[in-house]
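Asks: If you want the building blocks of each chain, they are given just below.
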Amino acid sequence: MASVSETQAANTPNPARWLVVVVPYLWLLLFFAAPFLIIFKISLSDTAIAMPPYTPVFPGFGAIRDYISELDFENYLFLTEDPLYIKAYLSSLRIAVISTFLLLLIGYPMALAMARAPSSLRPTLVMLVILPFWTSFLIRVYAWIGILKPDGLLTLLLQTTGLLEPNEQIQIFRTDIAVFIGIVYSYLPFMVLPLYSALEKMDNTLLEAASDLGCPPWKAFWKITFPLSLPGVIAGSMICFIPITGEFVIPDLLGGADTLMIGKTLWTEFFGNRDWPLASAVAVVLLIMLVVPIAIFQNQQKKVV
Amino acid sequence: MKNHLLSLAAAVAATAFAATTAMAQERVVHVYNWSDYIDESILEDFTKETGIKVVYDVFDSNEMVETKLLAGGSGYDVVVPTGPFLARQIQAGVFQKLDKSKLPNLSNMWPQVMERLAKYDPGNQYAVNYMWGTTGIGYNVEKVKAALGGVPVDSWDVLFKPENAAKLKACGINILDASDETFAIAMNYIGKDPDSKATADLEAGGDVYMKVRPYVKTFNSSSYIDELANGDTCISIGWSGDVLQAKDRAEEANNGVKVEFVIPKEGTYMWFDNLAIPADAKNVEEAHVFINYLMKPEIIAKASNYVQYANGNLASQKFLDKEVLDNPSVYPPEDVVKKLFTISPYGSKEQRVLNRVWTQIKTGS
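Going down the list, the sequences are from chains A and B. Note that the first sequence covers residues 21 to 325 in this note's numbering. Note that the second sequence covers residues 762 to 1126 in this note's numbering.
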């Protein structure tokens, strides 16, 4: 039945079907390719005291040849000359790698417990993981300020339980530790859900067979469960790693003055220096850096399908 | 939706007349001002008196305002940029000239302030001063005394001498995260021209902060008010009115914290926040009415009494509370005013050097 209708559809051009294929491409063109090209173009221009604050983007048709000769990559060269940018990129990558690892460490047992829970309980557990999204992300990060600040809830809790002297305060707020706490908290659902969906559809009879054949549970986990959940591990890690690298809000609110991340550097270029061209160059390089993990992700997805 | 109905009505009536009368029915002005910078009852009174509705929006950094204005189509009719930002924005073509025939209250303004403002707005064509103030030292009297002993808090030495800063480390030092002002102050401190844009001078100014960087706890421009008030921070470079707000909050909380503000004897930065109308403002007429209203002596005095910043309106001084007018932190005496300096805007290359050194200081590397 299905194959018949498919061949029919393939033979006679069906506008509705054509539309279905075209819409996602149009979406990508409109909301990814076009903005990216505009940003790329701005990254090749120079700053100006004008509205908007850079030299014109689209010149007259006749001037295109002159125009192309004027484009230059000095902004990209500048990124390599000043160690600030390389340091910021590396620091962002470091924070993203550590955070993703911590997320896996915390998210995996959670997802495993959810997948092994009675099936009647699972929807409730999934619901609980999603529940924080009902509150604005910004408010949740602000709430962490209230918890972590020196006279905040955490200090109060440790003082009342006697773990901290009454005159001592915990100094986490405005350090990298606070940034890690904020990131791990905010991104945990994005790690747990892909892991859960990978673990949940696993065939449990494999584990029974392993057990019957005398394989201890920890070995069965490493030989069977973990390899089978690998697509979930990769999906979760990519979904977390990529946005964490460019994160701005969490390091800005929870981090200290010495927390160096590319998102903050980009903010300074854009707002502080009003250098939209250089800020665009920073963004383009960041995107290129992230294309590599995205490519790995895509590749992995293909293998799964 | 409203626009849609309007254009529909215009099309039906086929006259421009219909559109203008429809618009006149709801007069509105969109104002974009600093946060905690007005007595809100002024806005209500304005609407009662003129029938013009005020849509009031706030910001907490000049950079944010500038980016919105430079991108165009901000939708605001009155904005309040600080001097050097105003100058650059005028140059970029962001603002329109004020129609002075619609601002009869200009006669109330303070010539001395207008003269200083002319550095940013030659001929006072684009802007009217709203408030002005200084960037000085806010400190916790008891804690600083305990840490420094006999050292008097009347000089930038308190913060910029490493031996003093080291003693203050434990009780908390904050530096404003406003690079243009902090550098001007440091350059003035080491005897250079605070308005210098030379790389060597900027780096020398940066050195002042680099030497005390190990003792600085935070760099921020808004939460330091609360941190001074609750004792988390004991000394900060701060804006006059902010520190006085911290002082009030501490008094209200009755938490034993006593905050004071001082203009150091070496002199400091004097800034001006000014009312201006964007070139693409839709309600130009209403914007003028609003600015003219804020230049009424009793109205702007009410605002100053509330926010504890000095205003640029000479005629308003007889309506000011005694605590405000006689407070040398708000209205410094003549000999102190002489030592206050202003700075001109940074060019883009200079700004980059400045922010690069500032980032180095903040990240401590």
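Incorrect hints may appear among the rest.
Stated by the list, open to error - Below, computed lysine-lysine pairings styled on BS3-like, alpha-carbon distance capped at 27 Å:
(1) B:Lys809 <-> B:Lys1079
(2) B:Lys953 <-> B:Lys1026
(3) B:Lys861 <-> A:Lys107
(4) B:Lys829 <-> B:Lys814
(5) B:Lys814 <-> B:Lys1057
(6) A:Lys221 <-> A:Lys107
(7) A:Lys61 <-> B:Lys829
(8) B:Lys814 <-> B:Lys930
(9) B:Lys1043 <-> B:Lys861
(10) B:Lys809 <-> B:Lys863
(11) A:Lys61 <-> B:Lys1110
(12) A:Lys107 <-> B:Lys972
Said to hold, decoys possible - Listing some non-contacts, in silico: residues in chain A with all C-beta distances to chain B over 12 Å:
(13) Val41
(14) Ile69
(15) Met71
(16) Leu148
(17) Leu158
(18) Ile165
(19) Thr180
(20) Gln189
(21) Phe210
(22) Ile254
(23) Gly276
(24) Leu306
(25) Lys322
Claimed, not checked - Computed footprint of chain A on chain B, listed as stretches where at least three residues anywhere in the stretch have a Cβ under 8 Å from a Cβ of chain A:
(26) 814-827
(27) 979-993
If you are wondering where the hints come from, they were derived from the structure by calculation, not from laboratory data. Beta carbons: idealized from backbone N, C-alpha and C, even for Gly.
Asks: Evaluate each hint against the coordinates.
Replies: Here is how each hint holds up against the structure:
1. B:Lys809 <-> B:Lys1079: Holds, because 25 Å separates the two Cα atoms, which is no more than 27 Å.
2. B:Lys953 <-> B:Lys1026: Holds - the C-alpha atoms of B:Lys1026 and B:Lys953 are around 16 Å apart, at most 27 Å.
3. B:Lys861 <-> A:Lys107: violated, 52 Å
4. B:Lys829 <-> B:Lys814: holds, 23 Å
5. B:Lys814 <-> B:Lys1057: Given pair B:Lys814, B:Lys1057 holds - Cα atoms ~18 Å apart, limit 27 Å.
6. A:Lys221 <-> A:Lys107: Violated - the C-alpha atoms of A:Lys107 and A:Lys221 are around 42 Å apart, more than 27 Å.
7. A:Lys61 <-> B:Lys829: holds, 21 Å
8. B:Lys814 <-> B:Lys930: Roughly 49 Å separates the two Cα atoms, so the pair is violated.
9. B:Lys1043 <-> B:Lys861: holds, 18 Å
10. B:Lys809 <-> B:Lys863: holds, 20 Å
11. A:Lys61 <-> B:Lys1110: holds, 21 Å
12. A:Lys107 <-> B:Lys972: Status holds; Cα separation ~22 Å.
13. Val41: holds, 34 Å
14. Ile69: Violated, since 5 Å does not exceed 12 Å.
15. Met71: Label violated. Min Cβ-Cβ 5 Å, cutoff 12 Å.
16. Leu148: Since the minimum Cβ distance to chain B is about 33 Å, A:Leu148 lies beyond 12 Å and the statement holds.
17. Leu158: About 15 Å separates A:Leu158 from the closest Cβ of chain B, which puts it past 12 Å; holds.
18. Ile165: About 9 Å separates A:Ile165 from the closest Cβ of chain B, which leaves it inside 12 Å; violated.
19. Thr180: The claim stands: A:Thr180 keeps its Cβ more than 12 Å from every Cβ of chain B (closest is about 19 Å).
20. Gln189: violated, 9 Å
21. Phe210: Correct as stated: the minimum Cβ-Cβ distance to chain B is 29 Å, above 12 Å.
22. Ile254: holds, 33 Å
23. Gly276: violated, 8 Å
24. Leu306: Given a closest Cβ separation of 17 Å, the condition holds.
25. Lys322: Answer for A:Lys322: holds, closest chain B Cβ roughly 40 Å.
26. 814-827: holds (count 4)
27. 979-993: holds (count 4)
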